[in-house]
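*Asks:* Please put together the full structure from these sequences, using the hints given.
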Amino acid sequence: MSEVQVYKPVLDKQTKLVVNGLKVYFPLRKSFVEVLMRKPRLYVRAVDGVSFDVKDGEVFALAGESGCGKTTTGKAVLKLVETTSGSTYYLPSRGIMESNPYYALYKKVSEYGHIDLQGIPDKLFKPLRRDIQMIWQDPYGSLNPRRTIFEILSEALEIHGVGSTKSEREDIVAKALEEVKLTPASEFMYRYPHMLSGGQRQRVGIARALILKPSLIVADEPVSMLDVSIRAEILQLMMELKKIHGLTYIFITHDLALARYISNRIAIMYLGKIVELGDARRVIENPYHPYTKALVEAIPEPNPERRHVIKEPSIKGEVPSPINVPTGCRFHPRCVALDQHPELEELCKKKEPPLIEIEPGRYVACWLYTKK
Amino acid sequence: MSEPLLEVKNLKTYFYTLRGIVRAVDDVSFELYRGESLGLAGESGCGKSTLAFSLIRLVPPPGKISGGTIIFEGRDVTKMSEEEFRREVRWRGISMIFQGAMNVLNPVYTIGDQIAEVFMIHKGYSKREGLEEAKKLLQLVGIEPRRVKSYPFELSGGMKQRAVIAMALALSPPLVIADEPTTALDVVVQAQILNLMKRLKNELRTSIMLISHDLSIIAEVADKIAIMYGGKIVEYGPSDLVYNNPRHPYTRALLNSIPRLRGEIRDLTWIPGTPPDLINPPPGCRFHPRCPHAMERCKKEEPPVVEVDRNHYVACWLYTK
Ligand SMILES: Nc1ncnc2c1ncn2[C@@H]1O[C@H](COP(=O)(O)OP(=O)(O)O)[C@@H](O)[C@H]1O
Ligand SMILES: Nc1ncnc2c1ncn2[C@@H]1O[C@H](COP(=O)(O)OP(=O)(O)O)[C@@H](O)[C@H]1O
Ligand code: SF4
Ligand code: SF4
Ligand SMILES: [Mg+2]
Ligand SMILES: [Mg+2]
Chain A
1 MSEVQVYKPV LDKQTKLVVN GLKVYFPLRK SFVEVLMRKP RLYVRAVDGV
51 SFDVKDGEVF ALAGESGCGK TTTGKAVLKL VETTSGSTYY LPSRGIMESN
101 PYYALYKKVS EYGHIDLQGI PDKLFKPLRR DIQMIWQDPY GSLNPRRTIF
151 EILSEALEIH GVGSTKSERE DIVAKALEEV KLTPASEFMY RYPHMLSGGQ
201 RQRVGIARAL ILKPSLIVAD EPVSMLDVSI RAEILQLMME LKKIHGLTYI
251 FITHDLALAR YISNRIAIMY LGKIVELGDA RRVIENPYHP YTKALVEAIP
301 EPNPERRHVI KEPSIKGEVP SPINVPTGCR FHPRCVALDQ HPELEELCKK
351 KEPPLIEIEP GRYVACWLYT KK
Chain B
1001 MSEPLLEVKN LKTYFYTLRG IVRAVDDVSF ELYRGESLGL AGESGCGKST
1051 LAFSLIRLVP PPGKISGGTI IFEGRDVTKM SEEEFRREVR WRGISMIFQG
1101 AMNVLNPVYT IGDQIAEVFM IHKGYSKREG LEEAKKLLQL VGIEPRRVKS
1151 YPFELSGGMK QRAVIAMALA LSPPLVIADE PTTALDVVVQ AQILNLMKRL
1201 KNELRTSIML ISHDLSIIAE VADKIAIMYG GKIVEYGPSD LVYNNPRHPY
1251 TRALLNSIPR LRGEIRDLTW IPGTPPDLIN PPPGCRFHPR CPHAMERCKK
1301 EEPPVVEVDR NHYVACWLYT K
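Quick mapping for you: the protein sequence lines, in order, are chains A and B. If you read the first sequence in the working numbering, its first letter stands for residue 1, the second for the next number, and so on. If you read the second sequence in the working numbering, its first letter stands for residue 1001, the second for the next number, and so on.
Please keep in mind that the hints were generated in silico from the structure rather than gathered at the bench. Glycine included, C-beta positions come from ideal geometry on N, C-alpha and C. It cannot be assumed that every hint is accurate.
To be verified - Listed below are the simulated EDC-like cross-link pairs for lysine to aspartate or glutamate, each with C-alpha atoms no more than 20 Å apart in a straight line: (1) A/K242 with A/E297; (2) B/K1198 with A/E178; (3) B/K1123 with B/E1088; (4) A/K243 with B/D1267; (5) B/K1135 with B/E1154; (6) B/K1198 with A/E359; (7) A/K242 with B/E1088; (8) A/K311 with B/E1203; (9) A/K311 with B/D1223; (10) A/K213 with A/D56; (11) A/K175 with A/E187; (12) B/K1198 with A/E297; (13) A/K8 with A/E359; (14) B/K1198 with A/E305; (15) A/K126 with A/D171; (16) A/K316 with B/E1144.
Stated by the list, open to error - Here chain B is said to cover these stretches of chain A; the calculated rule only asks that three of the stretch's residues, wherever they fall, bring their Cβ under 8 Å from a Cβ of chain B: (17) 229 to 237; (18) 258 to 270; (19) 277 to 286.
*Replies:* Right, here's the structure in full:
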């Protein structure tokens, strides 16, 4: 295994975020009987050793089917879930570096000023929380129905002590609404979420994420609940705001066709692990990993010829539970390529394939591509 | 050709609410032949589900069918008594896979019991006979027959949706309506469910009416397409024509908003504004406030339906001579 390059996230001047060996395990509750029988505690291995880097100003997509650990990865970056192991290194915005009195206290992990998010105690984290925000998937469920748009948006301002009077906060909220094109802002401010359409609600979600002027946004399937016909408008808005404010996005999605349009690089996740990583267009147009191939094949296309052909996606069975992750390559029980390469069977069933570079900037975790 | 399986003429289904009359389905006509599948597309709120509910006469109050006819197998079902309709048409003639049905399977009964019940109620079968039929149906939709003993929580999302489809097929109806049957399913499972529908269509010659806001899903199944906007069908025709040569500005906009897997990356386009309020729809062409081609006339007069190609109809002033 001499020239094999195993993936290692890069930490340099252009790096906004590094996620390294991240694991998030959720303990399952044991029943009384299980406790008595001294059964070992079981874990949901939601994120099971994930590494990637995100460049400053990049749109980095995290893709894969539901349950593969995308949201949990995003939450771990925001420190909304406890991580089991691994680290996240983050380069805050200039503004935060200069204005946050705690910044000097944080331990730096690079000469450029990256800090170790996991190493920061919760009470010192609050000022940083402003800098990393999340846009939630569900524009229906994520807004409190009993509060006006003004109340929803000014909540974060109050927590972080931005704007000292109500009228100051009204000005900030009005600007935020104008940015997401909910105009006239003075009208939208005092409406309730149920009075808005799905697209308008998601704009409120974006305004809420941006109101504290963050520099990294984790957007968790921000358009998946909306009609196809209005998705592009929301995405276009997100891209405009990115340009204006110099944002970096981690874009979580299960829609690969969409990821091809808006992201620079993409990581495909399966059962808590990244199986393929690289330039978004290249990965989607020419996938290498058997799982990525199956995902791409399964995407419907607006072509009426397709009604004449029945082509099953090349993947077997169903996703196993993240409580009992298969040995070796975790994809092996579903892998069609393995059936065609019986010589790999031993390896695939026993040894986990590393994420290796098979072309410049293109990484795949599959024994098919590893020269032994 | 023989007579159509289903012929809907000038159907109107309105909701009589305190705020006013919601014209959810407003003068809709189309027809469907045996073995043919129809895709019904349009944005949320345009009236797709209401149209489907009308066909099986389960429009929720305060809604009701306010005009038009629904001829199914030669008989106007709007004129039947509820008793007659339930005995002869609903489930036996036309069945429906409701939006989100897989999440409302009864958690305390096995799926076998739930399917068997359809046979017990409609065909007077015993429980044992019903369970035998349930096993055959599960096999047909790709679930192992031993799963009759499974409870919904023991099944994956894909299997639950297959079970729901099995239930809709129980009495071998010639027409099955599937309302957004793959929403909330992952792409791989979605592809499998769409393939199952194609098989039912090919092997059982079941007509499927597939409803979705996503034209790429509809393309997988439908032989003909109806595009709905604001309670009306604005374009209607064979799917080869509608996809390859869409005429209505709304259909074009819908197709252009779909991100593609291959080819040049051009800017995605979208449909600006919001769908109309169906209590006070815009006068003239209901699409005019969002249409890039709107003319003076569009704001005042409703466009007539014109046949632009063989069996391909469009309601738009751009196509009238
Ligand atoms: N708080 C939690 N407790 C237990 N299991 C969880 C929790 N949050 C997520 N999970 C499980 O972790 C796995 C990954 O979930 P998630 O990150 O939400 O995936 P995705 O966003 O890709 O759909 C799933 O199996 C999910 O059920
Ligand atoms: N029970 C109801 N009462 C009042 N209005 C309704 C009811 N159900 C649907 N509507 C209205 O009818 C219109 C069409 O709704 P629907 O048929 O559900 O559309 P779609 O299925 O295309 O999303 C919408 O404007 C909706 O608000
Ligand atoms: S490592 Fe083996 S089982 Fe895993 S994806 Fe590659 S060929 Fe399939
Ligand atoms: S009738 Fe006029 S407004 Fe309506 S779609 Fe045609 S051009 Fe546009
Ligand atoms: Mg998620
Ligand atoms: Mg509906």
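*Asks:* Hint by hint, say whether it matches the structure.
*Replies:* Here is what the structure says about each hint:
{"no.": "1", "hint": "A/K242 with A/E297", "in the structure": "31 Å, violated"}
{"no.": "2", "hint": "B/K1198 with A/E178", "in the structure": "47 Å, violated"}
{"no.": "3", "hint": "B/K1123 with B/E1088", "in the structure": "11 Å, holds"}
{"no.": "4", "hint": "A/K243 with B/D1267", "in the structure": "16 Å, holds"}
{"no.": "5", "hint": "B/K1135 with B/E1154", "in the structure": "17 Å, holds"}
{"no.": "6", "hint": "B/K1198 with A/E359", "in the structure": "39 Å, violated"}
{"no.": "7", "hint": "A/K242 with B/E1088", "in the structure": "59 Å, violated"}
{"no.": "8", "hint": "A/K311 with B/E1203", "in the structure": "16 Å, holds"}
{"no.": "9", "hint": "A/K311 with B/D1223", "in the structure": "18 Å, holds"}
{"no.": "10", "hint": "A/K213 with A/D56", "in the structure": "15 Å, holds"}
{"no.": "11", "hint": "A/K175 with A/E187", "in the structure": "13 Å, holds"}
{"no.": "12", "hint": "B/K1198 with A/E297", "in the structure": "17 Å, holds"}
{"no.": "13", "hint": "A/K8 with A/E359", "in the structure": "15 Å, holds"}
{"no.": "14", "hint": "B/K1198 with A/E305", "in the structure": "13 Å, holds"}
{"no.": "15", "hint": "A/K126 with A/D171", "in the structure": "24 Å, violated"}
{"no.": "16", "hint": "A/K316 with B/E1144", "in the structure": "15 Å, holds"}
{"no.": "17", "hint": "229 to 237", "in the structure": "holds (count 7)"}
{"no.": "18", "hint": "258 to 270", "in the structure": "holds (count 3)"}
{"no.": "19", "hint": "277 to 286", "in the structure": "holds (count 3)"}
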